[in-house]
Amino acid sequence: MKSILFLTALCTATNMLFAQNEKFLDPSTCPFQFGAPTTITKKGDSFNHPRISPDGTKVIVTKTYTGVYVIDLKNTTPVQTITTEHMAGFDAKWSKDGSEIRFKECAKQKNGKTTKELLKYNIMSKLVSNDNISYSKTDNTSKPREITVSLNIKRSMVEASDGTRTWDITKTPKVYYSYVISPDQSKVLIHENGKMYVYAMDGSGMLCCLGNGHGQSWSPDGRYLVYFLGVSDGNVIIDSDIYICSSDGSKRWKMTNTPDKIEMWPNWSPQGDMIIYDEDKSETIEFVRVIQK
Amino acid sequence: MKKTVFLTGLILFIISSNAQDKIIVIDPGHNMDNTTTLQPIRTFCEVQTNWEVANKLKSIIETNFYLDWLVVLTRPDNNTGSNVLEYDRAAIANAYEDQAPGQVYFLSIHCNGGNGSATGTETFYCNQKFNTNNTLLVKYAQKVQDNMVDQGNWADRSGNRNGGVEEDNTYLGFHLAVLKTLKMPGCLNEIGFADNVDDMLKLENDGWRSKFAFAYFEALQETFGDLNVLSYSIINLPCFASSSNYCKISVTVKNITTQSISGDIRTMLRHFPMKSYETPTSDFCQLGTNKSYFLTPNQEQTFIFDSNIPITMETGMALCIESKPWGKFDWNKVHMPSHRDLLKVPLNGALIKGVIYNNALSPLQGAEMWSYQKPRLNSSSNKVDNESSNEISGLSFYPDFYDPTTCLSDKSGKYELLIPVDWNEAVVSVRNYMNFNEVLVSPITDVNFIHYYTTSPIIIGTGSGSGSVPCGPPQGSPGTTFSNPKITNGSLKTFEGITINGERDLAFVCKDKIFRLGVFPLPIHYSEISHYDCTPSVFNTTTFYKIVDCSLGIYTKEENCHWLLGWTCDINCYFKYFVSLIKCNNNLEYTSDEKVKWFEERIDIDNPYNKIGDIDIEKVFAQMNVVLHEGDIYRLKLAVLDPDWTERSIYFYVLSENELLENKTLLGKYYSANITMKDESVSSNVSIIASNEISILPNTTIGGTFEAYIDKNILQYSCTNQSSVKSFNDYNNGENDDLLNYSSDIMTLKFINEHRTVTTFSNTCSCENKKNAYQNDNFEIFPNPATSTINLKYSGDISQILSIEILNSTGTLMLKKTDGFSNQQQFNAEHFSPGVYCVRLVKTSKAISKVFIKN
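So the protein lines, in turn, are chains A and B.
Be aware that the first sequence starts at 365, since it is given in the numbering used here, and climbs by one per residue.
Be aware that the second sequence starts at 9, since it is given in the numbering used here, and climbs by one per residue.
Here chain A stands alone, though its shape is the one from the complex (with noise of 0.2 Å):
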């Protein structure tokens, strides 16, 4: 109790500093060097979102949930449609071999009934079905269970289970959201009140606090992370610059630096090599190389 009150302060305070005083290592000091942005859609596609597959040569995107489309980053043209589906979208993921993606249609009412569903779209079979087991599915059963992370609404509690137990992740309840699991399925960035903290999957507790950032992507060793800081009027985003840090939130450094556009929703490629991102500003998805230096 008292290392997870100390954190909690300890996490705040450094919270705090961050928020004041922005303060960002020097690029030089960066163990990666990032590439120049290519552009892969055409302006005013609307495309958000991209998430890369395993093998790093397509991308999954979408249109602010108006459907789901994947983009073959060898050959841009055509982009393939899966659905065009209104609510269709949301966390689209690849699975882990890249021959199916995963997607939800949320709720809403279709032919005078209110659905929600899950869906799977096939690569190779071009097919749309329902998804609706689970998905915590691992593709082989006979490896580990694959955690999944999820709210406790009534507890307000963040909890993991494997299939066969639950534990709590979090320790007190509070309104926490956007969880992503680390590549090794040891951590989980959480989010609470606009900050991000990384919890141990086993449950220990919370280890560090990054700070402010939205839209997360864990790059493949666990190490880092890649996430985005928006500036808001009020009613729209009017800047916001990608970034990294360290997952233990030590350092931190701008990936981007550009007042004329708006980078989000960085997804870091499986490979380590590439991070895609959308710009807002003119509705295109970039993306930049990246080199372990």
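Simulated from the structure, these hints should not be mistaken for lab results.
Any given hint could be a false lead.
[Unchecked claim] Listed next, the in silico DSS-like pairs over lysine-lysine satisfying Cα-Cα at most 27 Å (straight line):
id	chain 1	residue 1	chain 2	residue 2
1	B	Lys591	A	Lys538
2	B	Lys256	B	Lys332
3	A	Lys518	B	Lys256
4	A	Lys427	A	Lys387
5	A	Lys407	A	Lys427
6	B	Lys188	A	Lys406
7	A	Lys387	A	Lys645
8	B	Lys605	B	Lys591
9	A	Lys625	B	Lys605
10	A	Lys535	B	Lys66
11	B	Lys188	A	Lys484
Assemble chain B onto chain A, guided by the hints.
This is chain B only, laid out in the frame that chain A set:
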């Protein structure tokens, strides 16, 4: 067998498909971090309004017994530094939607900005992700807009532009970030314009903020309620205090869901609000029998509910329409539009919340709680006047009954009673087997919280009226049985609570000492915890701790008169607490260093008091080497970990037993058991407050504003005017209503109640109405607009004022006054540039702001 399985499955399907809990995510809009801070006054107005209205809405939903809705705010506080980006606010709602698909609804509350003259309310929705003309989404937004126009009394900006609410991109040319990525129906309402002076005055008004919140509440309820009541009509109107009226009501309901629903519907006459722990079996006053329904989407059906027993209506009763799906045990409220319309029950009555804690070991316990209006005395007979008005002759609310059969020894009972605001005075009674105790609540204000602790076993006696008489007062009417408050020195088991503008004023008598306690729960200052392993050296007022819902009261043990500070928490309390003591002067300014102590005593959450923490105050003072003397005032601050730090402050006034005020100029407030005034010259603004007796001897000169009262209820007083004796009736809780109409150069007033006598003598007495003095905790600015000077008239207690500030429209401090306050002051504004200025009156408990225009 197959049939049984099928039916079971059908029932289960119905149950599951009718799981109706809703989650309302409320976004209080901008806070001070947003970049819209172009005009500080405007932004401050918007931030405060958003936050206050959001929390009022949260409170309305959470205290509504019939709704099992979960409320989530998109940020935990209104502090600078806790801004949550619009996308994150949507992400919060989406996280709940993931777990409860189709049950989450979103409302973003904002205030508008324009050119200073624009006015009105407008509502936006984002249709980007939805199919065109998503009916539920548009209906929701339209309902929010309509309710804000009607109940908020705003100009209909959206309607005036295009006849209805607007899709954001259509009007604004962009999608609002907070709505853009929502997975569920959501809308954004701009209440009014925070840069329009007229709108701003309305936005900053607490009463209007309550109306805005209620407008939202009804929009949510009427849009997302499961079974919408289209209309109701009363065929036979039930009457007050009559035993021969039958009630007949026609109710038309409509299924607004997208699937067929089936169940039962019933109508009940209940008190409002209902007790929080009601069980499904505790029904009473049902009009007729249950009706069954099966409704396809959008289908309507009309039912007639006809009572088959005479109904006696009482103030505070409400018509409730309830339904439950087939196979479901609990009755849920459908929609209750009638509780105000039917009986005109004022919603702004005093909500009395009582908690009875049971520390007995016996499992046979229980208690009941009710309130009644204090009987009015006949002017000639000095007896309860039953003929003057039925409405004030001791009407009782039906007792809130704590079921003894389900009560364990360590349980507490929570009670809620609504007392109409037109009851100027009420008595809340708590009764158990052994005895009863009463807590006098007067004057009635918006919210009083009364926590009652008893050391006696709580066991229900017979004839308690716990349901045997439909809708009537309990057997053994408290108006006759419990006519005399049991308040005596040395055995006090109750305390009085008066909530005045958010502050609570407590008086407390124990043994031969009299204590007055001023508790100031507002404003709540807190910061994030910065130390965990607290030691006294880090325990100070600048790094204090977070407050959660925790009450602080004082109570005594009957026999040995220990006075204890007790607190209750909604969740288990932790085992340690801090106490801070600091000495104050009459103006509550600190005059000594802070004494702090970390108390290691364990608070056993399993003790019979059940989640009550207490500390022996005498022990605390002794351990902190503080010796109390007459006239001392101490601020005591308590912090408890439960598990977040909770802080409460309480002020202790150690009163002298007898105070002789002789040959000196009086100023401020004087408290004592007995006060004698002799040869005085009262300058102005003097309050004489005694618990027993006030004597103003002849030849005492009194001038200016003078107020003298004992802080208990006065049952009767009489006046000797030279050779004649005139009797007065006290209709108004000791407020000298008759006295105000009585003029005489020389008169002697004699106040009498059960326990004490007060004699006052005055030749130019101007007794200010105590109630009004407290309620008028506001100030006026005139003239407005101003040209050269502005006058500030304040009717509250000037000793509470810390400073008066004038800020210009950019937030620059133009003028600040920190002393020499009076109730009417003049400021020179001649050198101010033309524009809008904000006057802030900063008090010890809060700040009040007004806006004026300099031409």
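Verification of the hints:
A threshold of 27 Å between alpha carbons decides the hint, and for Lys591/B with Lys538/A the separation of about 37 Å lies outside it, so the pair is violated. Between Lys256/B and Lys332/B the CA atoms are separated by roughly 21 Å; this keeps the pair inside 27 Å, and the hint holds. Distance hint between Lys518/A and Lys256/B is unfulfilled; the C-alpha atoms sit about 40 Å from each other, more than 27 Å. Restraint check for Lys427/A and Lys387/A: the C-alpha separation of about 34 Å exceeds 27 Å, so the hint is violated.
Straight-line distance between C-alpha atoms of Lys407/A and Lys427/A comes to about 13 Å, which keeps the hinted pair within the 27 Å bound. Between Lys188/B and Lys406/A the CA atoms are separated by roughly 21 Å; this keeps the pair inside 27 Å, and the hint holds. A threshold of 27 Å between alpha carbons decides the hint, and for Lys387/A with Lys645/A the separation of about 26 Å falls inside it, so the pair holds. Of the pairs offered as hints, the one joining Lys605/B and Lys591/B holds, with about 15 Å between alpha carbons and a cut-off of 27 Å not exceeded.
Of the supplied pair hints, the one linking Lys625/A and Lys605/B is violated, its CA atoms being roughly 55 Å apart against a limit of 27 Å. Straight-line distance between C-alpha atoms of Lys535/A and Lys66/B comes to about 24 Å, which keeps the hinted pair within the 27 Å bound. Note on Lys188/B and Lys484/A: the hinted pairing holds, with a Cα-Cα distance of about 24 Å set against a maximum of 27 Å.
Hint violations for this structure: numbers 1, 3, 4, 9, all remaining hints satisfied.
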